[in-house]
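Undergrad: Next come the chains, spelled out residue by residue.
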Amino acid sequence: MTVHPRALDYPAAFLSAPIRDEAELTAGTRIQPGRRYGFFTDTTLCIGCKACEVACKEWNLLPADDLGLRGTSYDNTGDLGATTWRHVHFIEHIADRDGVRATEMPPFQSHWLMMSDVCKHCSPAPCLEACPTGAIFRTEFDTVVVQQDICNGCGYCVPACPFGVVDVSLEDGKAHKCTLCYDRLKGGFEPACAKACPTDSIRFGELDELHELARRRLASLHEQEVAAAYLYGTPDAPPDMPGHADGLRELNAFFLLTAPPETYNLPRAPTRPAERTGPGLAAGLATVAALTAAVVALFAAGRSG
Amino acid sequence: MTTQPALRSKPRSADSSRPGLALPSTRSGSGFPGRGPGTAIGEGPAEDGRIDTYYDQPALKASFWGWKVSTYMVIGGIAGSAQIIATAADLAGAPQHRAIVRNGRYLALAGAAIGAPLLIADLHTPQRFYNMLRIFRPTSPMSIGTYVLLGFGGLSAMLAAAQLRRDLSANYAPGHTAPRFVQLPAAALGAAMSTYTGALLAATSTPLWAAAPRLLPALFGASAMASAAAALSLTARGLGGEPLGRIEAMASAVELCLLTALRRRLRQEGVRTSFAAAPLWLTAAAPVLREAAKALDVTGNTAAMNGAVTARRSALFGTASAVAVLAGAFLLRHAILRSGNRSAEQPRDYFRLARPR
Chain G
1 MTVHPRALDY
11 PAAFLSAPIR
21 DEAELTAGTR
31 IQPGRRYGFF
41 TDTTLCIGCK
51 ACEVACKEWN
61 LLPADDLGLR
71 GTSYDNTGDL
81 GATTWRHVHF
91 IEHIADRDGV
101 RATEMPPFQS
111 HWLMMSDVCK
121 HCSPAPCLEA
131 CPTGAIFRTE
141 FDTVVVQQDI
151 CNGCGYCVPA
161 CPFGVVDVSL
171 EDGKAHKCTL
181 CYDRLKGGFE
191 PACAKACPTD
201 SIRFGELDEL
211 HELARRRLAS
221 LHEQEVAAAY
231 LYGTPDAPPD
241 MPGHADGLRE
251 LNAFFLLTAP
261 PETYNLPRAP
271 TRPAERTGPG
281 LAAGLATVAA
291 LTAAVVALFA
301 AGRSG
Chain R
1 MTTQPALRSK
11 PRSADSSRPG
21 LALPSTRSGS
31 GFPGRGPGTA
41 IGEGPAEDGR
51 IDTYYDQPAL
61 KASFWGWKVS
71 TYMVIGGIAG
81 SAQIIATAAD
91 LAGAPQHRAI
101 VRNGRYLALA
111 GAAIGAPLLI
121 ADLHTPQRFY
131 NMLRIFRPTS
141 PMSIGTYVLL
151 GFGGLSAMLA
161 AAQLRRDLSA
171 NYAPGHTAPR
181 FVQLPAAALG
191 AAMSTYTGAL
201 LAATSTPLWA
211 AAPRLLPALF
221 GASAMASAAA
231 ALSLTARGLG
241 GEPLGRIEAM
251 ASAVELCLLT
261 ALRRRLRQEG
271 VRTSFAAAPL
281 WLTAAAPVLR
291 EAAKALDVTG
301 NTAAMNGAVT
311 ARRSALFGTA
321 SAVAVLAGAF
331 LLRHAILRSG
341 NRSAEQPRDY
351 FRLARPR
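So the protein lines, in turn, are chains G and R.
Numbering (this note's numbering) for the first sequence: 1 to 305.
Numbering (this note's numbering) for the second sequence: 1 to 357.
Mixed in with the good hints there might be a few duds.
List of simulated lysine to any residue pairs, SDA-like, C-alpha gap at most 20 Å [as the list claims (entries may be wrong)]: (1) G:K174 with R:A62; (2) R:K294 with G:D200; (3) G:K174 with R:R134; (4) G:K174 with R:H124; (5) G:K174 with R:K68; (6) R:K294 with G:A301; (7) G:K174 with R:A121; (8) G:K174 with R:P126; (9) G:K57 with G:A245; (10) G:K174 with R:T125.
If you are wondering where the hints come from, they were derived from the structure by calculation, not from laboratory data.
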C-alpha cells in the first residue's frame with residue numbers, strides 16, 4: 001500500500017484542525033464544485049460489515065431503525081428509508097440446483113451476495129423531476145439533495161423514485177434520502193460510508209475516474225472467470241439496464257453485480273416517470289376535448305329542436 | 001481458481017420453491033459485452049417465468065396518498081367538467097339551459113374551493129403549501145396541476161361572481177352570462193382539471209399507474225365528464241332531462257370502454273395487482289342502460305303510456321343513475337389509488353413492468 005505524499009504532512013495522532021481537502025488522502029480525489037461525483041459500489045468486495053450503515057447514521061444523526069429480527073437473512077434493516085440512507089442486502093444462496101447443496105463454490109460472493117444499497121443519484125433524477133416545490137435539486141457536485149427547509153411533504157417523490165429510495169418521515173413531515181454527504185463534500189471530505197468501508201467496496205470519486213476503475217475491475221473479474229459480473233448504472237452496463245441513452249441515462253451511484261438485478265431488488269430496465277407526463281396529459285386532454293365536442297353538439301341539437 | 005459449475009448448469013427448475021434463494025438463470029445468447037455463450041447471468045427471468053426477488057421485500061415505496069387525494073381527484077374532475085358543460089350550455093344560448101349554466105358555474109367554484117384545502121391537508125408539512133408556487137416544473141404533473149387549479153379557481157370565481165350578479169339582478173337580461181375570453185380559458189383549464197390527476201399518477205414508478213400512461217388520464221377524463229353531468233342533474237329538479245342525461249350516458253359509455261382497455265393493458269404488462277372492476281362496470285352501465293331504455297320506450301310505447309307516469313319514472317331512473325355515476329366516480333379514484341399503492345409493494349409486478357422492451 002502506498003501512502004499519499006500529503007499524508008506525511010500530518011505525523012501527529014491528534015490534529016488541531018480538520019485536514020484541508022481530506023478526500024485527497026482518503027479517496028485520492030480533490031473535491032471541487034462543478035465536477036461530477038458519485039459512488040462505485042463493488043459488491044464482490046462487500047463483506048456485509050454494515051460499517052457504511054453505521055457511519056451514515058453517525059454522521060447524518062439518523063435514529064436507529066426497528067431492532068427486530070426479520071428472519072430472512074442477516075439483513076435486519078430491510079430497505080432504504082427516511083432514516084436509512086445506506087442499506088446492506090444479504091442474499092443467501094442456500095439451495096443450489098434442485099435443492100442439492102453445492103459442494104464446490106465459485107469464487108467471489110458465491111453463496112452470500114452482499115450489496116450496500118444507496119440512493120442512485122440518477123441523471124435525470126425522477127424524484128427531482130417530480131418535485132413541485134424545487135426542494136429537490138442537483139448540487140454543484142452533480143448529486144441530488146432534498147432541501148429540508150423547502151420540502152412541504154407532498155410525497156410525490158416517493159412513488160416517483162424507480163428504486164424505492166426516497167421516503168417521507170412521519171416525524172418531521174419532510175422527504176429524506178442520501179445526500180451523498182453534501183455537507184462533507186463542501187468541506188472537502190469523502191462521504192462517511194465510503195470512508196468507513198474497510199474493503200473499499202464503496203468507492204467515492206469523480207465519475208469519469210470511477211467509470212474507468214469499474215471497467216478495469218470488471219475486466220479483471222472476467223479474467224478470473226467471474227463471468228457473471230456486470231455493471232449496473234454506467235454506460236458500460238448491459239443494454240437495457242440503467243446507464244444508457246434513453247430513460248435513466250446514468251446513475252451517479254452505480255454497482256458491480258454478479259446476479260440478476262432483481263436478486264438485489266433492483267429493476268432491470270426502470271423507466272423515467274417524467275416520460276409519461278406528456279403522453280398522459282395529451283391523451284387525457286384529447287379524450288375530454290372529444291367529449292366536449294359531443295357536449296357542444298348535444299346542446300346545439302337541443303337549441304335547433 | 002475453481003470453475004463455476006453452479007453458474008453454468010441448466011436453468012433452475014420450477015420446483016425450487018424458495019423465492020429469492022435460488023441462483024439466477026443462465027440462458028445463453030447474452031447481450032453482455034465480452035462474455036461467451038452460456039455464461040450470461042443477469043440476463044432475465046428464469047425460463048420458468050419466475051423472477052428472483054429480494055425475500056419479497058418491496059422494491060418500491062408506495063405513495064402516502066389516501067382518501068383526501070382520491071376525493072380531490074373526484075371533485076376536481078367534477079368541477080372541471082361542470083365548467084365545460086356550463087360554458088357549452090351558455091354558448092349554445094338556449095334559455096332552457098340557463099339553470100345548467102348557473103349551477104355549473106357554482107359547482108365549478110365549489111369544487112375548486114373544496115379541492116384546494118383537501119390537497120393542503122394531505123401535505124405532511126401543510127404550513128408550507130405555498131412552496132408549490134416557488135417554481136414551475138413542466139416534468140411534474142403535480143406542479144402543472146398546482147397552476148391549473150390556481151388558474152381554474154380564479155376564473156371560476158370570476159364566472160361565479162358574474163353569475164351571482166346576474167342571479168341577484170331583478171331584470172334577467174338575455175345573452176351570455178360572461179365574456180368569452182373568461183369562459184373559454186375556464187373551460188380549457190376545466191379540461192385539464194378533469195384529467196391531469198390521471199397523468200399525475202401515471203408519471204410515477206408505481207406499476208398499476210405507470211403501466212397505462214395514456215389510458216388512465218383518459219379514463220379519469222371520461223369519468224369526470226360523466227360525474228359532472230350527474231352532479232348537475234341532481235342540483236335541480238328537472239335538470240336531468242335531455243342534454244345532461246345524454247352527456248352522462250355518452251361519457252359513461254366511453255368510460256366503460258376505457259375501463260376494459262385499462263384492465264387488459266394491466267394484464268398485458270404483467271401487473272397482477274388489480275382492482276375490483278365489477279362495481280365500476282355497474283355504475284357506468286346505469287346511465288347507458290337508462291338512455292337505451294328511454295329510446296325503446298319512446299319508439300315502442302309512446303301512445304300507450306300515461307305521460308305523467310312516464311315522466312315520473314324517467315325522473316326516478318335519472319336520479320338513480322346519477323347517484324350511481326357519482327358513487328362510481330368516487331369508487332374509481334379510490335380503487336385506482338389504493339390498488340396502485342398495493343402494487344408498489346409487489347416486487348414481481350414491478351419487475352415484470354420494468355423489463356427490457
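Undergrad: Could you run down the list of hints and mark each one as holding or not?
TA: Each hint, compared with the structure:
1. Our distance criterion of 20 Å between C-alpha atoms is met by G:K174 and R:A62, whose separation comes to about 16 Å.
2. With a C-alpha separation of about 76 Å, the suggested pairing of R:K294 with G:D200 is violated against the 20 Å cut-off.
3. Restraint check: the Cα-Cα separation between G:K174 and R:R134 comes to about 17 Å, which is no more than 20 Å; the hinted pair holds.
4. With a C-alpha separation of about 7 Å, the suggested pairing of G:K174 with R:H124 holds against the 20 Å cut-off.
5. Between the alpha carbons of G:K174 and R:K68 the distance comes to roughly 19 Å, so the proposed pair stays at or under 20 Å and holds.
6. For the proposed pair R:K294 and G:A301, the alpha carbon gap of about 18 Å is at most 20 Å, so the pair holds.
7. Restraint check for G:K174 and R:A121: the C-alpha separation of about 14 Å stays at or below 20 Å, so the hint holds.
8. The hinted pair formed by G:K174 and R:P126 meets the criterion: a straight-line CA distance of about 11 Å does not exceed 20 Å.
9. Only pairs whose Cα atoms come within 20 Å are accepted, and G:K57 paired with G:A245 is rejected, the gap being roughly 34 Å.
10. Pair hint G:K174 plus R:T125 holds up; C-alpha atoms about 7 Å apart against a cutoff of 20 Å.
When held up to the earlier numbered hints, the structure conflicts with 2 and 9 and fits the remainder.
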